[in-house]
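Participant: Heads up: the sequence lines are chains U and C, in that order. Using our numbering, read the first sequence as starting at 136 and increasing by one per residue. Using our numbering, read the second sequence as starting at 136 and increasing by one per residue.
Everything labelled a hint here was simulated from the structure, so no lab data went into it. Wrong hints could be hidden among the right ones.
One copy or two, it doesn't matter: identical chains are merged, so the pair holds either way.
Claimed, not checked - Simulated pairs of lysine-lysine, DSS-like, Cα-Cα distance not exceeding 27 angstroms: (1) Lys-454 - Lys-155; (2) Lys-317 - Lys-454; (3) Lys-454 - Lys-248; (4) Lys-176 - Lys-454; (5) Lys-333 - Lys-281; (6) Lys-352 - Lys-176; (7) Lys-155 - Lys-308; (8) Lys-333 - Lys-155; (9) Lys-454 - Lys-281; (10) Lys-454 - Lys-308; (11) Lys-155 - Lys-281; (12) Lys-248 - Lys-308.
Protein chains: 2
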Amino acid sequence: MAPRFTVTYFIRAADAAEAKSRALDIALEQTVEIPRHVVPKGYVEEEILGRLESLETDPNSRQGFLATISYSEDDIGGDFLQFLNIVFGNSSIKPGLKVEDIGLSPGILDLCKGPRHGIAGLRARAGIGESPLLMSAIKPVGLSTKELARLAHDFALGGMHYVKDDHGLVDQKTSPFDERLKACVEAVGEANARSGAKTGFVPNVTGPANAIIERAKQAQEAGAGGIMIAPALAGYDVIRTLAADPDFTLPIVSHPAFSGANVVSPDCGFSHRTFFGTLHRLMGADAVIYPNFGGRFGFTREECVSIADACSVELGGVKTIVPAPGGGMTLNRVAEMRETYGNDIMYLVGGALLEQDNLVEACQRLCDAVNA
Amino acid sequence: MAPRFTVTYFIRAADAAEAKSRALDIALEQTVEIPRHVVPKGYVEEEILGRLESLETDPNSRQGFLATISYSEDDIGGDFLQFLNIVFGNSSIKPGLKVEDIGLSPGILDLCKGPRHGIAGLRARAGIGESPLLMSAIKPVGLSTKELARLAHDFALGGMHYVKDDHGLVDQKTSPFDERLKACVEAVGEANARSGAKTGFVPNVTGPANAIIERAKQAQEAGAGGIMIAPALAGYDVIRTLAADPDFTLPIVSHPAFSGANVVSPDCGFSHRTFFGTLHRLMGADAVIYPNFGGRFGFTREECVSIADACSVELGGVKTIVPAPGGGMTLNRVAEMRETYGNDIMYLVGGALLEQDNLVEACQRLCDAVNA
Chain U
136 MAPRFTVTYF
146 IRAADAAEAK
156 SRALDIALEQ
166 TVEIPRHVVP
176 KGYVEEEILG
186 RLESLETDPN
196 SRQGFLATIS
206 YSEDDIGGDF
216 LQFLNIVFGN
226 SSIKPGLKVE
236 DIGLSPGILD
246 LCKGPRHGIA
256 GLRARAGIGE
266 SPLLMSAIKP
276 VGLSTKELAR
286 LAHDFALGGM
296 HYVKDDHGLV
306 DQKTSPFDER
316 LKACVEAVGE
326 ANARSGAKTG
336 FVPNVTGPAN
346 AIIERAKQAQ
356 EAGAGGIMIA
366 PALAGYDVIR
376 TLAADPDFTL
386 PIVSHPAFSG
396 ANVVSPDCGF
406 SHRTFFGTLH
416 RLMGADAVIY
426 PNFGGRFGFT
436 REECVSIADA
446 CSVELGGVKT
456 IVPAPGGGMT
466 LNRVAEMRET
476 YGNDIMYLVG
486 GALLEQDNLV
496 EACQRLCDAV
506 NA
Chain C
136 MAPRFTVTYF
146 IRAADAAEAK
156 SRALDIALEQ
166 TVEIPRHVVP
176 KGYVEEEILG
186 RLESLETDPN
196 SRQGFLATIS
206 YSEDDIGGDF
216 LQFLNIVFGN
226 SSIKPGLKVE
236 DIGLSPGILD
246 LCKGPRHGIA
256 GLRARAGIGE
266 SPLLMSAIKP
276 VGLSTKELAR
286 LAHDFALGGM
296 HYVKDDHGLV
306 DQKTSPFDER
316 LKACVEAVGE
326 ANARSGAKTG
336 FVPNVTGPAN
346 AIIERAKQAQ
356 EAGAGGIMIA
366 PALAGYDVIR
376 TLAADPDFTL
386 PIVSHPAFSG
396 ANVVSPDCGF
406 SHRTFFGTLH
416 RLMGADAVIY
426 PNFGGRFGFT
436 REECVSIADA
446 CSVELGGVKT
456 IVPAPGGGMT
466 LNRVAEMRET
476 YGNDIMYLVG
486 GALLEQDNLV
496 EACQRLCDAV
506 NA
């Protein structure tokens with residue numbers, strides 16, 4: 136028998152009998168997808184079929200239950216997308232089900248080596264100790280490459296450790312990818328030469344499915360300090376493939392674009408910690424961007440803390456990654472964020488800095504506040 | 136000024152003022168992502184910034200409004216993932232927002248040529264006229280290649296037009312991808328030789344991000360009759376890239392695994408018709424699998440009909456595709472499905488056939504019922 140990993144699902148149900156029936160359905164749906172009475176005896180029934188390991192009333196007082204189902208590593212066939220498919224492929228389409236937690240097994244950890252750098256590597260590359268990381272974004276779409284490169288320069292000179300493309304910057308005619316990549320790497324390099332810092336430029340990597348991996352490598356060759364990818368758009372194996380590629384050595388920042396439905400509804404998708412924490416670590420993201428509480432989005436402080444915890448909790452040796460809460464963050468929020476996250480955080484501040492007359496000074500004020 | 140496309144959002148809001156404020160937030164969030172008062176005058180404000188075109192009370196009596204926002208083709212930069220990002224990237228993370236409809240523009244249609252075959256091509260390849268298509272799936276995971284190939288043979292001999300891998304079949308040791316592909320193409324070929332039919336084998340294409348496109352081409356070289364891809368896992372540009380590749384000529388079947396959160400909640404994601412209809416046509420899927428009403432999933436008849444309508448409605452010249460409702464379909468459901476969908480449907484029946492003692496005869500009964 137192969138080792139088994141587990142998935143704990145929240146199941147909306149009126150009573151334990153309904154919950155058990157739904158849990159057994161999940162075990163069937165996620166693996167053999169045929170009626171129970173025709174599941175072949177022997178290997179398929181004993182190994183491949185999901186197995187209900189426990190069922191309990193939801194401890195968080197939701198109208199439902201927590202069911203833990205185990206799946207064999209033999210279900211996965213060494214394929215990360217198939218791992219996600221087993222976790223929640225078809226069952227994602229059934230309302231009133233949510234993935235609460237995932238319990239790993241040796242084979243899954245072997246398939247998902249996790250991030251190359253993690254928070255320690257991001258700090259080392261930025262040349263800092265155990266203090267918070269700072270990242271900002273050049274924007275908006277529609278500015279010329281020259282204007283965007285100027286912003287990248289000023290963010291770097293102001294002390295941001297990483298300067299990323301806005302996730303809407305792709306290959307627009309006002310600032311083509313190749314041109315912007317080159318200009319921003321140069322601009323950040325000039326700022327570093329003046330300041331002695333080691334700021335890295337992080338381009339947004341997207342594009343046709345057969346070009347994404349190549350663009351990531353192009354960014355590395357051009358001297359970028361990392362890359363950003365939105366896995367819900369580009370595909371959930373792209374980050375894992377790059378993080379496992381011995382020829383690719385840049386840190387990877389994950390962007391949450393298009394992933395919202397996976398977390399915002401109480402009735403479907405994933406718990407915040409599992410989606411932004413566990414899955415992103417398994418994918419190999421070094422930093423995970425998500426909307427901070429109290430900004431433009433609806434995440435609660437508790438949900439955000441659960442993400443940060445999942446970024447650093449022991450996970451079979453997978454490196455600790457850095458939570459990068461953003462979305463309407465301002466200088467006034469720093470004290471609260473420090474109290475919430477401590478030092479193991481990447482402050483992602485964009486618009487609030489771009490509002491200031493002097494961008495370099497605005498960045499410096501932010502850095503001072505963060506390191507106060 | 137470039138042509139503009141539109142997205143109509145359902146916005147949960149107590150009154151028109153709140154809805155307008157949320158709509159203007161979307162226009163900002165999806166494009167420039169900086170505070171409104173620092174949006175640069177001129178090109179950025181006039182072209183790049185989303186523009187609220189209309190706002191009306193929701194005609195379907197939900198507690199909210201419909202807002203139509205236009206976006207410039209200049210926002211897209213020729214990148215399909217960026218198109219999806221503009222449609223619903225960050226806003227997907229805000230609860231109480233749903234994409235109801237998308238209105239295309241010439242540039243988007245140029246970027247998304249749509250499917251190569253469509254329903255007409257799927258029928259032509261199967262050698263049938265304007266009658267319904269039939270597809271089944273070999274399963275479960277855990278069977279040997281020999282057992283799975285035998286099922287493929289019998290499905291083909293029984294009259295199914297397409298025989299696909301279960302979407303959980305990847306590269307498991309019990310049936311490695313290469314071995315299964317070869318064996319099933321041969322088995323279906325033998326059945327075709329006996330019956331004179333033109334059944335096609337449709338392998339499930341997944342795997343590492345840098346291998347998916349290659350596996351699709353491998354399937355073509357091996358003589359497959361199509362491929363199946365789950366875009367919510369593999370990435371939303373994979374199908375488009377393959378459909379646009381002059382060297383790739385197989386039909387593409389889309390599988391809904393992992394996409395559920397995009398549709399099941401009334402409070403986030405997409406309308407059923409836009410996600411499974413419009414987006415899949417734009418991606419270039421020839422057939423789109425989704426859960427039928429009255430099966431194991433919760434879609435209503437009305438939602439399913441809206442998907443089928445969106446598969447065939449005029450869409451700037453993009454080919455009509457075939458809805459492939461599945462998920463617990465049985466022989467007893469055929470009459471109701473015929474009445475609901477007419478002839479422009481691909482019946483996807485799996486488990487109900489595998490329950491029967493004689494698979495070939497069970498398929499024949501299904502074919503007879505469908506064509507009665």
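Participant: A separate judgement is required for each hint: does it hold in the structure or not?
Facilitator: Here's how the hints hold up against the structure:
| no. | hint | verdict |
| --- | --- | --- |
| 1 | Lys-454 - Lys-155 | neither (36 angstroms within a copy, 44 angstroms between copies) |
| 2 | Lys-317 - Lys-454 | neither (31 angstroms within a copy, 40 angstroms between copies) |
| 3 | Lys-454 - Lys-248 | within (9 angstroms within a copy, 42 angstroms between copies) |
| 4 | Lys-176 - Lys-454 | neither (40 angstroms within a copy, 45 angstroms between copies) |
| 5 | Lys-333 - Lys-281 | within (21 angstroms within a copy, 58 angstroms between copies) |
| 6 | Lys-352 - Lys-176 | neither (48 angstroms within a copy, 36 angstroms between copies) |
| 7 | Lys-155 - Lys-308 | neither (56 angstroms within a copy, 31 angstroms between copies) |
| 8 | Lys-333 - Lys-155 | neither (55 angstroms within a copy, 44 angstroms between copies) |
| 9 | Lys-454 - Lys-281 | neither (37 angstroms within a copy, 42 angstroms between copies) |
| 10 | Lys-454 - Lys-308 | neither (39 angstroms within a copy, 29 angstroms between copies) |
| 11 | Lys-155 - Lys-281 | neither (60 angstroms within a copy, 35 angstroms between copies) |
| 12 | Lys-248 - Lys-308 | between (38 angstroms within a copy, 21 angstroms between copies) |
Hints 1, 2, 4, 6, 7, 8, 9, 10, 11, counting from the list given before, are not met by this structure.
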